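**Student:** Listed here are the chains, written in short residue letters.
There are 2 protein chains.
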Amino acid sequence: MTKKLLHLNAFLMSTGHHEASWRLPESNPYANTDIDHYLNLARIAERGKFDSVFFADAPALFAEVGRRPSGSIEPTVLLTAIAAATERIGLIATASTTYNDPFNLARRFASVDHVSGGRAGWNIVTTASPDAAKNFGLDDQPLHADRYERATEFVDVSRKLWDSWEDDATLADKASGVWADSSRVHPIEHVGKYFKVRGPLNVPRSPQGHPLLVQAGSSEDGKQFAATYAEAVFTAQQTLADAQAFYTDLKRRAAGLGRDPDSVKILPGIVPVLGATEAEAREREEELDRLIVPEYARIQLAKTLRVAPSELAFDRELPADLPDEDEIEGAKSRYTLIVTLARRERLTVRQLIGRLGGGRGHRTFSGTPEQVADALESWASQGAADGFNVMPAVLPSGLEDFVEHVIPILRQRELFRTEYTGQTLREHYGLSRPSSQYERVLQEVAS
Amino acid sequence: MTKKLLHLNAFLMSTGHHEASWRLPESNPYANTDIDHYLNLARIAERGKFDSVFFADAPALFAEVGRRPSGSIEPTVLLTAIAAATERIGLIATASTTYNDPFNLARRFASVDHVSGGRAGWNIVTTASPDAAKNFGLDDQPLHADRYERATEFVDVSRKLWDSWEDDATLADKASGVWADSSRVHPIEHVGKYFKVRGPLNVPRSPQGHPLLVQAGSSEDGKQFAATYAEAVFTAQQTLADAQAFYTDLKRRAAGLGRDPDSVKILPGIVPVLGATEAEAREREEELDRLIVPEYARIQLAKTLRVAPSELAFDRELPADLPDEDEIEGAKSRYTLIVTLARRERLTVRQLIGRLGGGRGHRTFSGTPEQVADALESWASQGAADGFNVMPAVLPSGLEDFVEHVIPILRQRELFRTEYTGQTLREHYGLSRPSSQYERVLQEVAS
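Note that the protein sequences, when read in sequence, are chains A and B.
Everything in the first sequence is counted per the UniProt record's numbering, starting at 1 for the first residue and increasing by one.
Everything in the second sequence is counted per the UniProt record's numbering, starting at 1 for the first residue and increasing by one.
Don't take each hint at face value.
Unchecked claim - Output of the computed footprint for chain B on chain A, the stretches with three or more beta carbons under 8 Å from beta carbons of chain B:
hint, segment
1, 78-87
2, 163-175
3, 190-200
Unchecked claim - DSS-like mimics (lysine-lysine), calculated; alpha carbons at most 25 Å apart, straight line:
hint, chain 1, residue 1, chain 2, residue 2
4, A, Lys193, B, Lys134
5, B, Lys196, A, Lys196
6, B, Lys193, A, Lys134
7, B, Lys196, A, Lys134
8, B, Lys196, A, Lys193
9, B, Lys3, B, Lys49
Calculated from the structure, these hints are not laboratory results.
Since we're looking at a predicted model, the values are computed, not measured.
Ideal placement from N, C-alpha and C gives every residue a C-beta, glycine not left out.
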């Protein structure tokens with residue numbers, strides 16, 4: 001029996017996911033606006049035959065700018081530049097359904113899909129950020145449930161727009177002078193609670209039909225949304241048991257909605273910190289943690305927990321009377337994950353800051369390449385993952401190390417590809433190309 | 001005395017500006033979604049040392065899809081791909097102030113400016129299109145005056161956002177662990193009639209500070225807007241006298257607003273159709289006009305004139321009782337230009353369709369390379385132009401011909417550069433880099 005291959009996504013972020021990575025002597029602290037830095041990262045990931053690279057985003061300046069590289073090139077712009085410098089690797093960008101119009105955004109993803117020859121993916125987020133709301137005329141963000149309701153309609157409209165040109169609408173008939181068959185280019189005439197959009201889209205159907213749809217919310221609304229729409233799911237899971245429960249639950253939800261559970265790929269995040277020996281890896285991790293400025297990190301933690309920074313004493317555990325998840329209108333699942341982690345391991349605020357500094361709630365794993373490969377195989381073979389969202393603590397070195405030392409071990413174990421077999425992002429993830437919902441059923445009449 | 005050099009922008013559009021260009025045997029009718037086609041065009045323009053390439057756009061599917069290649073890759077995506085394939089040429093994209101949010105759009109142009117090393121330009125349009133309105137929840141487009149009022153506030157907000165990071169805000173101080181000086185990253189706290197935006201922008205200041213601001217409206221509102229904000233102006237002018245009047249008026253308006261008139265570059269459009277002899281050029285033009293499908297073109301003309309297609313008889317002049325420009329809420333100046341052209345030359349509908357088929361109201365000029373160079377020099381030397389918006393009827397051949405045959409003549413006459421002397425788009429156009437409006441005046445205290 002052939003083992004199922006893992007899917008690997010490289011989640012890229014300036015000098016790395018560890019918040020203090022920019023302070024290392026090796027790091028370029030201007031990496032966040034340096035296109036050559038990102039082209040280099042993408043080429044390394046493609047050399048490793050990753051399924052895709054991914055950039056997170058929000059339409060607001062997050063975090064204290066003193067703390068770490070802040071502000072970034074808009075991800076669809078970044079991915080387009082990367083498309084021109086690579087051949088096969090998939091290109092996934094976050095974009096918000098709360099702070100975009102579906103016509104413009106559907107057009108943009110279709111455009112990236114065109115210029116990349118079918119390698120575009122969209123990580124659909126509702127943007128849990130009061131700061132973002134204030135950049136778009138609002139005083140505070142819309143309620144969690146309303147954001148998801150809008151997201152649902154947004155994706156619905158987007159799919160109609162991507163389908164509005166049938167695949168064979170363009171005739172290019174020079175002799176008769178008819179460029180396209182207008183009966184195969186459809187106004188979508190969408191009228192809903194949030195959007196009224198006539199269409200059709202102003203770009204012909206793209207190579208993948210739809211970009212790959214990715215989702216990362218883990219709240220109740222988020223999981224239901226993922227089960228309905230997502231083809232790949234990024235998730236933060238700290239323990240095997242939690243990851244298995246999430247995996248089983250999401251696959252079951254998808255099946256319950258009539259979808260093939262295998263058409264939803266689940267990729268927990270992992271922040272690998274590699275060393276030639278276990279001790280070396282741990283030393284690297286400690287070096288990074290020592291570079292965290294605790295005052296900055298406490299401000300961020302306090303913001304997430306909706307308390308004043310002064311309520312968090314560095315050498316005590318979290319206060320007992322934190323709000324319930326139900327009261328959080330922001331990143332519900334991130335909130336619960338952090339509080340659960342702190343309570344379970346009885347971490348002081350200082351220890352918690354160290355744990356979060358590496359991966360903002362994602363699982364940090366330090367060890368040898370063999371140990372990291374074991375960790376990945378263990379989760380994948382025990383029903384916790386179809387692959388992983390690889391979040392190097394330091395970039396580019398952490399990605400290079402992963403490609404040079406971990407991926408060869410995964411290949412020896414027949415757990416990862418040695419060459420790309422497909423051309424499009426959907427093909428890398430083993431997902432089919434959707435046909436247009438407006439496609440006419442052609443009836444052959446025997447005559 | 002050194003002559004003033006011309007500025008040349010290459011206005012690119014699928015198989016060319018002539019609506020029937022796609023029907024030529026040489027043309028790739030799928031060019032509109034073919035990134036390699038556009039990379040090739042940009043490389044040709046860069047070989048010719050054009051100041052910039054430019055793509056028009058509207059968030060709606062214009063025109064009858066049967067008539068000509070329709071739908072296109074979103075221009076900021078296209079320009080980003082081109083940025084990666086070129087070194088120096090400027091990159092100008094149209095984007096609408098009526099159907100975008102300033103936070104997202106300002107971020108996107110700053111991002112293109114970052115990835116291109118300072119080569120981004122924004123052609124600011126208010127989008128005269130009822131079809132576009134229907135893709136954004138509206139039943140009809142906002143009134144002309146309201147669109148311009150919104151555009152004014154939109155540009156104001158965008159400039160604040162581009163300025164929100166001072167140039168030296170990033171300290172990258174690894175030793176102390178302070179990445180940026182938060183006192184040099186400013187919330188903009190904009191509250192206006194159309195927008196409420198807190199800021200700051202989520203990307204550091206870009207190489208040009210602001211992208212080059214371009215404008216193309218020629219209505220009264222459009223001219224006042226251009227005089228206030230534009231650094232380059234694209235305009236459709238059919239006669240030397242009209243072009244001179246426009247040029248003089250716009251420079252005077254800019255001066256009246258306290259601007260150096262030379263900081264507004266005026267570039268009339270020209271559709272050159274080249275031949276080794278005058279007869280050959282005219283033959284080429286006639287070949288193209290014969291390929292126009294009159295029924296399609298009449299639908300488009302009727303739409304612009306706000307009449308039913310049946311009111312336009314092919315072999316008669318335009319009806320006498322057309323609406324006044326004041327009643328047009330769409331492209332006012334385009335409307336007036338077409339009606340004036342038809343009345344002045346007493347053109348039948350069929351003749352008018354031929355004239356518009358080449359350049360949609362822009363000046364078509366067929367002739368030898370020498371004659372085209374004469375035409376450009378004549379306008380520039382008589383106070384009608386600082387340069388030209390070159391709109392090849394057929395692509396890529398029309399652009400190649402211009403680069404190989406017209407540009408060398410302009411160089412012989414010392415009217416065009418032989419090498420780029422600057423790196424950024426602003427430098428190509430001889431425009432200064434704006435400093436941030438939030439820049440603190442540093443006071444040196446003698447001690």
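**Student:** None of the hints should be skipped; say for each whether it holds.
**Tutor:** We went through each hint and held it up to the structure:
1. 78-87: Per the Cβ count (6), the hint holds.
2. 163-175: holds (count 5)
3. 190-200: holds (count 6)
4. A/Lys193 with B/Lys134: 15 Å, holds
5. B/Lys196 with A/Lys196: 23 Å, holds
6. B/Lys193 with A/Lys134: 15 Å, holds
7. B/Lys196 with A/Lys134: The given pair, whose Cα atoms are some 7 Å apart, holds under the 25 Å limit.
8. B/Lys196 with A/Lys193: With Cα atoms ~23 Å apart, B/Lys196 and A/Lys193 stay inside 25 Å; holds.
9. B/Lys3 with B/Lys49: 18 Å, holds
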